[in-house]
Amino acid sequence: MQQLLYLTEVSLNGLTTGVLYALVALGYVLIFKSSGVFNYAQGVMVLFAALTLVGLQRGQVPFAHLWTAVFGTHTYLFGWNLPAVVAIVMTLGVMVLLAILVERLVLKHLINQHPIVLFMATIGLAYFLEGFGDLMWGSDVKRLDIGLPVGISETIESFTAATFGYGVFVDRLDLFAGLVAAALVFALTVWLKHSQLGRTLRAVADDHQAALSVGISLRLVWVLVWSTAGFVALVAGVMWGAKSGVQFSLSLIALKALPVLMLGGFTSIRGAIVGGLIIGVGEKLFDFLMGPIIGGATESWFAYVLALVFLMFRPQGLYGEKIIERV
Amino acid sequence: MNSSGSGQKAIEAPLMDIRNISLRFGGVVALEGVSFDIAEGEIRAIIGPNGAGKSSMLNVINGFYTPQLGEIWYEGRRRGSIKPHNIARQGIARTFQNIALFEGMSALDNILCGRVTLVRSGFWKQLLWWGPAEREETEHRERVEQIIDFLEIQAIRKTPVGQLPYGLQKRVELGRALAAEPKLLLLDEPMAGMNNEEKEDMCRFVLDVGDELGTTIVLIEHDMGVVMDLADRVVVMDHGELIADGVPQEIMNNQDVIDAYLGVAH
Chain A
1 MQQLLYLTEV SLNGLTTGVL YALVALGYVL IFKSSGVFNY AQGVMVLFAA
51 LTLVGLQRGQ VPFAHLWTAV FGTHTYLFGW NLPAVVAIVM TLGVMVLLAI
101 LVERLVLKHL INQHPIVLFM ATIGLAYFLE GFGDLMWGSD VKRLDIGLPV
151 GISETIESFT AATFGYGVFV DRLDLFAGLV AAALVFALTV WLKHSQLGRT
201 LRAVADDHQA ALSVGISLRL VWVLVWSTAG FVALVAGVMW GAKSGVQFSL
251 SLIALKALPV LMLGGFTSIR GAIVGGLIIG VGEKLFDFLM GPIIGGATES
301 WFAYVLALVF LMFRPQGLYG EKIIERV
Chain B
1 MNSSGSGQKA IEAPLMDIRN ISLRFGGVVA LEGVSFDIAE GEIRAIIGPN
51 GAGKSSMLNV INGFYTPQLG EIWYEGRRRG SIKPHNIARQ GIARTFQNIA
101 LFEGMSALDN ILCGRVTLVR SGFWKQLLWW GPAEREETEH RERVEQIIDF
151 LEIQAIRKTP VGQLPYGLQK RVELGRALAA EPKLLLLDEP MAGMNNEEKE
201 DMCRFVLDVG DELGTTIVLI EHDMGVVMDL ADRVVVMDHG ELIADGVPQE
251 IMNNQDVIDA YLGVAH
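From first to last, the protein sequence lines are chains A and B. As numbered in my numbering, the first sequence has no gaps in its residue numbers, which increase by one up to the final residue, 327. As numbered in my numbering, the second sequence has no gaps in its residue numbers, which increase by one up to the final residue, 266.
If you are wondering where the hints come from, they were derived from the structure by calculation, not from laboratory data. Nothing here was measured: the structure is a model prediction, and the numbers come from that model. Hints should not be assumed to be uniformly reliable.
Only pairs whose alpha carbons sit at most 30 angstroms apart, straight line, appear in this in silico BS3-like list of lysine-lysine [to be verified]:
#1 Lys199(B) x Lys183(B)
#2 Lys183(B) x Lys83(B)
#3 Lys199(B) x Lys158(B)
#4 Lys193(A) x Lys199(B)
#5 Lys108(A) x Lys193(A)
#6 Lys193(A) x Lys158(B)
#7 Lys183(B) x Lys158(B)
#8 Lys83(B) x Lys108(A)
#9 Lys142(A) x Lys243(A)
Only chain A is shown next, with the shape it has when bound in the complex (with noise of 0.2 angstroms):
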């Protein structure tokens, strides 16, 4: 019974934390899905938002250490504290001007072009604002706070340890992350399946020229679609950011996304989610049954492993698209 709570805790654990990297490949699946762009740069946006997120709540000063190399300033704080919801408000709005910078400078460029063409020039943006987040708010560890629930729950605790003898341990942060992916699913769900605009974002996918011939604004859409990823981006940001602070390693967390996209399918919201949760459970279950007997630190390679094997057999993913090609 013990080591069966046990398990079961080992699970619960597995579970929020996959529903952090289902947050992460929302972001991939939006853009995918809306624009046929496979956005390499998402897991970055998470870490830039993040820090953004940071920097404007702590008024630390953009590109400090720049303007103390060149100009010998050495401020680096404005010494104010921004209230957490004003700081989320200008963050989003800073999102909203990348996407505008993005379609600006990158895609506009690159209208009906190949797919390729357009994933390289995302590698090139990842890049970039890897450097740029970098250069803007410095590299050094940032805790986030922004007054979300955090610490064990004591009424799960207590309830388990009062029925089963056993108390489970879970984080409330991890409850909220929960609640608030499954808020935003299914917010976007509903939005891309049943308006006139959910079947715009499809159409530019599909075809750029045919979507200009019924008078659709390609760039309007792209702007629109980038906006939302990052808006996607801050969310996931913000969860990963209050549960591990504010870090580069972010983007190699994100990184993880990838795996859970090969098993959920490129195109499908549903599919982040559940493949997010199956390899949440899925590298903890592994770590904590095989990790003692083929020597530990599995959880850095199962998901990678899981998602190989899983392509071999379903290469469009559980819920993806099935792809049909005409011979």
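Once you have looked at the hints, place chain B on chain A.
Below, chain B alone, put in the same frame as chain A:
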């Protein structure tokens, strides 16, 4: 339409007047001094051998190409340079020579996309699926169902168009263009690659669009039988130049046209 009962459509004031259009890609001359007009309510055919510049002409009309020289007058006003996506808002819709449908979407969704320019409720209302936005969606849906009935494609409305046979894809593409309720409809080889039965169906739809909706149609077609049956007036192009313009009977007997098609020693 006039009701003189002669069966011949009256040629009214031109809906579009194309004046002296020249288009070059680098050193390649695609169009050279082409002028003709498109009258309201007529079916206007553009014919000519391969590479004559027919599709380029269509792309100039709907703003995908900007000509180096010449003017386009639309609805009595000179049209300046215009962004391609704004053309649809001026009531010009088109189909493509190599079908350009949204393959991943159902026939119904494809046709609904044609109504993008007619959507009135704003971004936030749609985002929240607000009352008016929902009512509007229902209204668009009804109009689209009428188009589906008209084109007799009820059975395939939920099928992803990538899976449809060629002839039906062409029909869905026509449906998407019609959904925009255009004043001017541009059809680039609507019957290419079709068998006789499919061609007859398509001819009937094109004629009905003209008669019932009063839409002006510009049509590129290779099948001479089809052109002579459908068109009110025909423009003939060769090597980027206009070589004849008139009613079908005149065109058939025009020596330049016969030469262009059969080839003569220059």
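Outcome of the hint check:
Note on Lys199(B) and Lys183(B): the hinted pairing holds, with a Cα-Cα distance of about 24 angstroms set against a maximum of 30 angstroms. Distance restraint check for Lys183(B) and Lys83(B): the Cα-Cα separation of roughly 18 angstroms lies within the 30 angstroms cut-off, and the hinted pair is therefore satisfied. Distance hint between Lys199(B) and Lys158(B) is fulfilled; the C-alpha atoms sit about 24 angstroms from each other, no more than 30 angstroms. As the CA atoms of Lys193(A) and Lys199(B) are separated by approximately 35 angstroms, the hinted pair breaks the 30 angstroms bound.
Between the alpha carbons of Lys108(A) and Lys193(A) the distance comes to roughly 26 angstroms, so the proposed pair stays at or under 30 angstroms and holds. Taking the CA atoms of Lys193(A) and Lys158(B), the gap is near 14 angstroms; set against the 30 angstroms cutoff, the hint holds. Restraint check for Lys183(B) and Lys158(B): the C-alpha separation of about 28 angstroms stays at or below 30 angstroms, so the hint holds. Our distance criterion of 30 angstroms between C-alpha atoms is met by Lys83(B) and Lys108(A), whose separation comes to about 13 angstroms.
For a cut-off of 30 angstroms, the pair hint linking Lys142(A) to Lys243(A) stands: about 12 angstroms separates their Cα positions.
Consistency with the previously given hints fails for number 4 only.
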